[in-house]
Amino acid sequence: RTLAAEKGILFGSALSAGTMEPAYLDILKAECGVIVPENEFKVYVIATQPDRYNFAPGDTIAGFARDNGMKLRGHTLLWNKVEFMPKWLLNIDFGANPAREAERYLRDYIKRVCTHYGDQVFSWDVVNETIDPQTGDIRDTPFTRALGFDCIRIAFEAAREYAPKAQLVYNDYMSWERGNETHRKGVLKLLETLRAKNVPIDGFGIQSHIGNDGHIKEAQHEQWRAFIDAAVGMDYKLLITEFDVNDKDLPTDTAVRDAGVAAAAKDYLDLMFSYKQLDQFLCWGMSDNHSWLQGWTPRADKTPQRPTPYDAQYRPKPLREAIAAALKAAPKR
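Numbering (the numbering used here), first residue to last: -7 to 325.
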């Protein structure tokens, strides 16, 4: 937090309501200036049933941030991806006038969530992962079937109405590694369309799950810089919203693995921090035992992943030092 603040960058982490043991929270209190709920603000937590809203898990995270003087990010109002919508929403019937009813539902949901948390949330991931990485097109969901592109526009307009002071962000996981070219192209097209249609959007959240395809050695530096140049050329602020390093293609040896993770992180962060438009940097968890990657992409050798700045015993790792070094080398915003 301190090193980042010296350069005009806000540093923080995701936090889950199920991982709030004191030793872990002590790390967040010491290191973080901003917290984002890992899952607690998502529709499958808040709205497991129609017209039944559960804010209790999110309130736990919001309370921790407030009690410790941390800023709070919101993630996410519209995760436009069917794999992460509750079953009732996947099967929703918008009736004889689907466009009207889909818009009514979307605006009402965003109103309820934004007004519940009010001005405490200073930055919202309004729309998350709406681009299909295989095609580069907007994903097929109940909302796009009823509204097409307008579901994206409506989400941002509703967020501006009900969270007027918040930064509004589009967030996605396109990567600088080889094989992500179509995804990057599709995201850039979306960003261009949002600007062309005067949609109220302030920032572009780059999740930054390094190596999540298992190929941290195949970074496309030149192509990635051209992609970022195009985004900032459209006057978007930049955020690293979900940083970690997937080590599944690195050797079992801990020292070798940690060195590879740290090197990949430093390479990426040096490039990203060179952009003064980037002023927020959040890790997707601060210790290995609380990383989503343990269950999402387990290693073939069955050893735990080591993707975060601290190990499972809450000891700092080479990745933390790589992050610190990149922050020290970064220009001031």
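No lab work stands behind these hints: they were computed from the structure.
Note that the Cβ used here is the ideal one computed from N, Cα and C, for glycine as well.
Warning: the hint list may mix true and false statements.
The following label-pair restraints were derived from C-beta to C-beta distances [what the hints assert, rightly or not]:
#1 Ala188 with Ala22: 31 to 37 Å
#2 Gln41 with Glu(-2): 45 to 51 Å
#3 Tyr45 with Glu93: 15 to 21 Å
#4 Phe114 with Met12: 36 to 42 Å
#5 Ala188 with His213: 37 to 43 Å
#6 Pro156 with Asn60: 24 to 30 Å
#7 Lys21 with Thr127: 40 to 46 Å
#8 Lys324 with Trp80: 37 to 43 Å
#9 Asn89 with Leu(-5): 36 to 42 Å
#10 Thr185 with Ala(-3): 45 to 51 Å
Below are the DMTMM-like pairs computed for lysine to aspartate or glutamate, each with C-alpha atoms no more than 20 Å apart in a straight line [to be verified]:
#11 Lys209 with Asp250
#12 Lys189 with Asp129
#13 Lys320 with Glu(-2)
#14 Lys294 with Asp241
#15 Lys181 with Asp221
#16 Lys73 with Asp124
#17 Lys63 with Asp271
#18 Lys157 with Asp194
#19 Lys157 with Asp100
#20 Lys294 with Asp205
Here is how each hint holds up against the structure:
At about 44 Å, the CB distance of Ala188 to Ala22 disagrees with the hint of 31 to 37 Å. For the pair Gln41 and Glu(-2), the supplied restraint of 45 to 51 Å holds, since their beta-carbon distance comes to about 47 Å. About 19 Å separates the C-beta atoms of Tyr45 and Glu93, a value consistent with the hinted range of 15 to 21 Å. Take Phe114 and Met12: their Cβ atoms lie about 22 Å apart, and the range 36 to 42 Å is violated.
At roughly 29 Å, the beta-carbon separation of Ala188 and His213 lies outside the given 37 to 43 Å, and the hint is violated. A C-beta distance of roughly 26 Å is found between Pro156 and Asn60, which places it inside the suggested range of 24 to 30 Å. The hinted range of 40 to 46 Å is satisfied by Lys21 and Thr127, whose Cβ atoms lie roughly 43 Å apart. Against the hinted window of 37 to 43 Å, the Cβ-Cβ separation of Lys324 and Trp80 comes to about 49 Å, which falls outside the hint.
Between Asn89 and Leu(-5) the C-beta distance comes to about 54 Å, which lies outside the given range of 36 to 42 Å. For the pair Thr185 and Ala(-3), the supplied restraint of 45 to 51 Å is violated, since their beta-carbon distance comes to about 35 Å. A C-alpha spacing of about 14 Å is found between Lys209 and Asp250, which places the hinted pair at or below 20 Å, so the restraint holds. The suggested pairing of Lys189 with Asp129 holds, with an alpha-carbon distance near 17 Å, which does not exceed 20 Å.
Taking the CA atoms of Lys320 and Glu(-2), the gap is near 9 Å; set against the 20 Å cutoff, the hint holds. Among the hinted pairs, Lys294 with Asp241 is consistent with the structure: their alpha-carbon atoms are about 12 Å apart, no more than 20 Å. Under the criterion of a C-alpha separation no larger than 20 Å, the hint pairing Lys181 with Asp221 is consistent with the structure, at around 14 Å. With a C-alpha separation of about 9 Å, the suggested pairing of Lys73 with Asp124 holds against the 20 Å cut-off.
Of the supplied pair hints, the one linking Lys63 and Asp271 holds, its CA atoms being roughly 14 Å apart against a limit of 20 Å. A C-alpha spacing of about 11 Å is found between Lys157 and Asp194, which places the hinted pair at or below 20 Å, so the restraint holds. For the suggested pair Lys157 and Asp100, the alpha carbons sit about 19 Å apart, so the restraint of at most 20 Å is met. Note on Lys294 and Asp205: the hinted pairing holds, with a Cα-Cα distance of about 18 Å set against a maximum of 20 Å.
This entry does not satisfy hints 1, 4, 5, 8, 9 and 10, going by the numbered hints stated previously.
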